[in-house]
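Position 66 of the sequence shown, counting from 1, maps to 80 under the numbering used here, and the rest follow consecutively.
Source of the hints: derived by calculation from the structure; they are not laboratory data.
A virtual CB, placed ideally from N, CA and C, is assigned to each residue, including glycine.
Heads up, some of the hints might be wrong.
Below are the PhoX-like pairs computed for lysine-lysine, each with C-alpha atoms no more than 25 Å apart in a straight line [stated by the list, open to error]:
(1) Lys59 x Lys141
(2) Lys16 x Lys74
(3) Lys141 x Lys41
(4) Lys41 x Lys17
(5) Lys59 x Lys74
(6) Lys59 x Lys16
(7) Lys59 x Lys17
(8) Lys59 x Lys41
(9) Lys17 x Lys74
What follows is a set of in silico ranges between Cβ atoms, one per label pair, in the way DEER data are often shown [to be verified]:
(10) Cys116 x Thr90: 34 to 44 Å
(11) Glu42 x Arg81: 18 to 28 Å
(12) Gly75 x Leu143: 29 to 39 Å
(13) Asp58 x Arg87: 13 to 23 Å
(14) Glu134 x Gly48: 20 to 30 Å
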Amino acid sequence: MKKRERVRARGHPLLTALHPTTLMITKEGEVGPGGDCIVAVGADKSVLDLGRELKGGIRKGGRVVVRMEVGGRVETVRGWGHPSLTLDHPTDMVVRRSSFVCGRTLAVRADRSASDLSREFVSLLRKGLPVEITVEVEF
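With these hints in hand, go ahead and build the complete structure from the sequences.
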């Protein structure tokens, strides 16, 4: 079974997307120079806002796919859900290469992080363009 939700966000001029192990989308509108994992701001959802069925699939350990599109370019990150995920952070969603779990974690054991995104994609994010994000889980 598959469940999918759309998240709308935008880029920001201060995004660097250089973090080697995480990728974060946040509802916060601004980002500082230390936020090197952030790839989108001003999101209309955090992990807390995701639907019950999508969260259920993630907690069953389903395959999580995060597809991001900005300016006609697409990047996809794949990871896994986990039964320990609480998915209750009010502002953020984080995809991690590691198996670390906290309230903001959307997926673990991901195949990519912020630093793996193409620099062309990051350049478009830095223009502050709208970002269309699809979060899908297959379980």
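Going through the hints against the structure:
Restraint check for lysine 59 and lysine 141: the C-alpha separation of about 21 Å stays at or below 25 Å, so the hint holds. Between lysine 16 and lysine 74, the direct Cα distance comes to roughly 12 Å. Compliance with the 25 Å bound is thereby established for this hinted pair. Only pairs whose Cα atoms come within 25 Å are accepted, and lysine 141 paired with lysine 41 is accepted, the gap being roughly 18 Å. Between lysine 41 and lysine 17 the CA atoms are separated by roughly 22 Å; this keeps the pair inside 25 Å, and the hint holds.
Between the alpha carbons of lysine 59 and lysine 74 the distance comes to roughly 21 Å, so the proposed pair stays at or under 25 Å and holds. Restraint check: the Cα-Cα separation between lysine 59 and lysine 16 comes to about 19 Å, which is no more than 25 Å; the hinted pair holds. Distance hint between lysine 59 and lysine 17 is fulfilled; the C-alpha atoms sit about 16 Å from each other, no more than 25 Å. With a CA separation close to 7 Å, the supplied pair lysine 59 and lysine 41 stays within the 25 Å bound.
Between lysine 17 and lysine 74 the CA atoms are separated by roughly 12 Å; this keeps the pair inside 25 Å, and the hint holds. At about 23 Å, the CB distance of cysteine 116 to threonine 90 disagrees with the hint of 34 to 44 Å. The hint said 18 to 28 Å for the Cβ distance between glutamate 42 and arginine 81, and at roughly 22 Å that hint holds. Roughly 34 Å separates the CB atoms of glycine 75 and leucine 143, a value that falls within the hinted 29 to 39 Å.
Between aspartate 58 and arginine 87 the Cβ separation comes to about 21 Å, which falls inside the hinted range of 13 to 23 Å. At roughly 24 Å, the beta-carbon separation of glutamate 134 and glycine 48 lies within the given 20 to 30 Å, and the hint holds.
Hint 10 from the earlier list is the only one contradicted by this structure; the remaining hints agree with it.
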